[in-house]
Amino acid sequence: MKPAFSVLFFTVCAGAGSGLLVWLLLEHLWLNWVADGQVNIKVTLICSVLGLSMLTLGLLSSTLHLANPKNAWRAFSRFRTSWLSREGVFAVLFYPVFFLYLMFLYKADWAVNLTATVLGVAAVLISIATVYCTGMIYASLKPIRQWHNSVTVPSYLILSLMSGAVLMHAVAMIQEYESVFNYSLISIVALSFGLVVKFIYFRVIGMPGTSSINSATGFSQARVRLMDAGHTSDTFLTNEFGFDVATIRLLRLRWLACGLAFLLPALFLYFSDVFSMYWIWPMALTMLIGLLLERWLFFAEARHVVRLYHGDQTN
Amino acid sequence: MKLGLVIDLDTCVGCHACATACKQWNTSGTIGPLSDEKPYDEDPIGSWLNRIRSYEVDDAPNSKTVHMPMSCMHCENADCVTVCPTGASYKREEDGIVLIDQDKCMGCNLCAWACPYGARELDPDQGVMKKCTLCVDRIYDDQLPEEERQPACVLTCPTNSRVFGDFDDPNSTVSKLVVERAGKGLMPELGYEPTNQYLPPRQPRESEKSIGESVSLAEKMKRLANRVIFR
Chain A
5 MKPAFSVLFF TVCAGAGSGL LVWLLLEHLW LNWVADGQVN IKVTLICSVL
55 GLSMLTLGLL SSTLHLANPK NAWRAFSRFR TSWLSREGVF AVLFYPVFFL
105 YLMFLYKADW AVNLTATVLG VAAVLISIAT VYCTGMIYAS LKPIRQWHNS
155 VTVPSYLILS LMSGAVLMHA VAMIQEYESV FNYSLISIVA LSFGLVVKFI
205 YFRVIGMPGT SSINSATGFS QARVRLMDAG HTSDTFLTNE FGFDVATIRL
255 LRLRWLACGL AFLLPALFLY FSDVFSMYWI WPMALTMLIG LLLERWLFFA
305 EARHVVRLYH GDQTN
Chain B
53 MKLGLVIDLD TCVGCHACAT ACKQWNTSGT IGPLSDEKPY DEDPIGSWLN
103 RIRSYEVDDA PNSKTVHMPM SCMHCENADC VTVCPTGASY KREEDGIVLI
153 DQDKCMGCNL CAWACPYGAR ELDPDQGVMK KCTLCVDRIY DDQLPEEERQ
203 PACVLTCPTN SRVFGDFDDP NSTVSKLVVE RAGKGLMPEL GYEPTNQYLP
253 PRQPRESEKS IGESVSLAEK MKRLANRVIF R
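Chains A and B are the protein sequences, given in the same order.
Mapped onto the numbering used here, the consecutive letters of the first sequence carry residue numbers 5 to 319.
Mapped onto the numbering used here, the consecutive letters of the second sequence carry residue numbers 53 to 283.
Next comes chain A alone, as it looks inside the complex (with noise of 0.2 Å):
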């Protein structure tokens, strides 16, 4: 599959985004009915803000992908059948959610009052079901296996809060918070937790799959090769679905990926007290180029079964 750029960094951001801010109403949650602390107003202010935009970039790029965008506000009218009508969904409810949630915070002088923690515990419901939501757009789609699997959607919903909780700790650390979670611990958890998920999604997608060039044209008791693909220049399908990448430099990237996006943050955290604590943010920026080339190999990797007709032998 042709990777978009535009739907990578949706993913990424707003998968970051969405996670850092289900980090803030647990933390906010457990302050008020488990601690008995006070809601910190600064890191609540840093954390939306940075949250909210992350999740609005991501939602405004990913208009961007779409070739009519003036219908995209059609896009919320299939909420019963279609997992993409869904995500938008969700995702525009969160706003008003969250929003209600912070006024009645302001309101009840930063106590987490029973409408708020109502609201909070919305918002975070909300939030995990946007990123579950965009996981199954991709989870749902049986021509391309790579995708159509059952490891897709837990690791849509593993790296949004992995990444959540890394900037969660990354702002903690700039404002010295004293968080009522370890997320440093916590991320060195969640990162590692990343990278296994990610190596069983490579040895997932490393199995054979079901269809063939055989099972495509019908022709299953003989060899099947094409001979002409009846086109001389690029269609839309070889365009969208034709992507090729040399398998040596796709088992180099992944391994790049994994290391940006998991290992080095994880090394860093765990040896934190080595450095100075501004490294967090490049390292929390590495991160999320880790999660962008990752993003890009899901769909480097993805073969969609269109690709038998043009004379691939094997999805």
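Do not rely on the hints blindly, as some may be mistaken.
Derived DSS-like pairs: lysine-lysine, alpha-carbon spacing no greater than 27 Å straight-line [to be verified]: (1) B:Lys156 - A:Lys74; (2) A:Lys146 - B:Lys143; (3) A:Lys111 - A:Lys46; (4) A:Lys6 - B:Lys156; (5) B:Lys54 - A:Lys146; (6) B:Lys143 - B:Lys156; (7) B:Lys116 - B:Lys228; (8) B:Lys156 - A:Lys146; (9) A:Lys146 - B:Lys236; (10) A:Lys74 - B:Lys143.
Okay, the calculated bits of chain B under chain A, using three or more residues with CB under 8 Å as the criterion [what the hints assert, rightly or not]: (11) 86-100; (12) 135-142; (13) 176-182.
No lab work stands behind these hints, which were simulated from the structure alone.
Being a predicted model, the structure only gives us computed values, none of them experimental.
C-beta atoms are modelled at their ideal positions from N, C-alpha and C, and glycine is treated no differently.
Chain B: place on chain A using the hints.
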């Protein structure tokens, strides 16, 4: 009704007439235009609703060239319709034709990703998705003589390799052809249940026999005369 096509891979010669007839009809039809970019350049690109690919099946000396025209299969389980967020894609209850409302499509490409048969192509100029309509603007047109109420690709096919009909009716030509010639849908493992069926090539002897049966005495004489003249 379950309208669709039967495509005979035994007789298709890969002439691309169906594709050009399709483009000609549909570029000025209800979903038109089917735009092209740089049509007279080295690398033209445009939306086509029908594409023909040629394959070599089996190894020499048993190899056979098979031409395979592919358009929308009007699947029973059309995932392209399910994934559509705007409601632009829909499958008609009454005849099973899958269509796109050009006024609702936002060009997100998700339906093209969900289609295993490559039946959907984005119009490079209009930014909306285009696909085979089974010439819905022909087959129900009362103004046309009855025999012309068929998809443009079917009417134009010089070898009669394309047959249009109702698969729900067991006595229709398409249903009978599928039974007699063991027609099958492509990529059944994905579970889309495509309506369009492909008739596999016949064994050479079998097809020769069927030609032999239909030849009249006059025709035989004519062929003999031809052979003599050519010598």
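Evaluated hints:
| no. | hint | verdict |
| --- | --- | --- |
| 1 | B:Lys156 - A:Lys74 | holds (9 Å) |
| 2 | A:Lys146 - B:Lys143 | holds (19 Å) |
| 3 | A:Lys111 - A:Lys46 | holds (16 Å) |
| 4 | A:Lys6 - B:Lys156 | holds (25 Å) |
| 5 | B:Lys54 - A:Lys146 | holds (23 Å) |
| 6 | B:Lys143 - B:Lys156 | holds (15 Å) |
| 7 | B:Lys116 - B:Lys228 | holds (26 Å) |
| 8 | B:Lys156 - A:Lys146 | holds (24 Å) |
| 9 | A:Lys146 - B:Lys236 | holds (20 Å) |
| 10 | A:Lys74 - B:Lys143 | holds (24 Å) |
| 11 | 86-100 | holds (count 6) |
| 12 | 135-142 | holds (count 6) |
| 13 | 176-182 | holds (count 4) |
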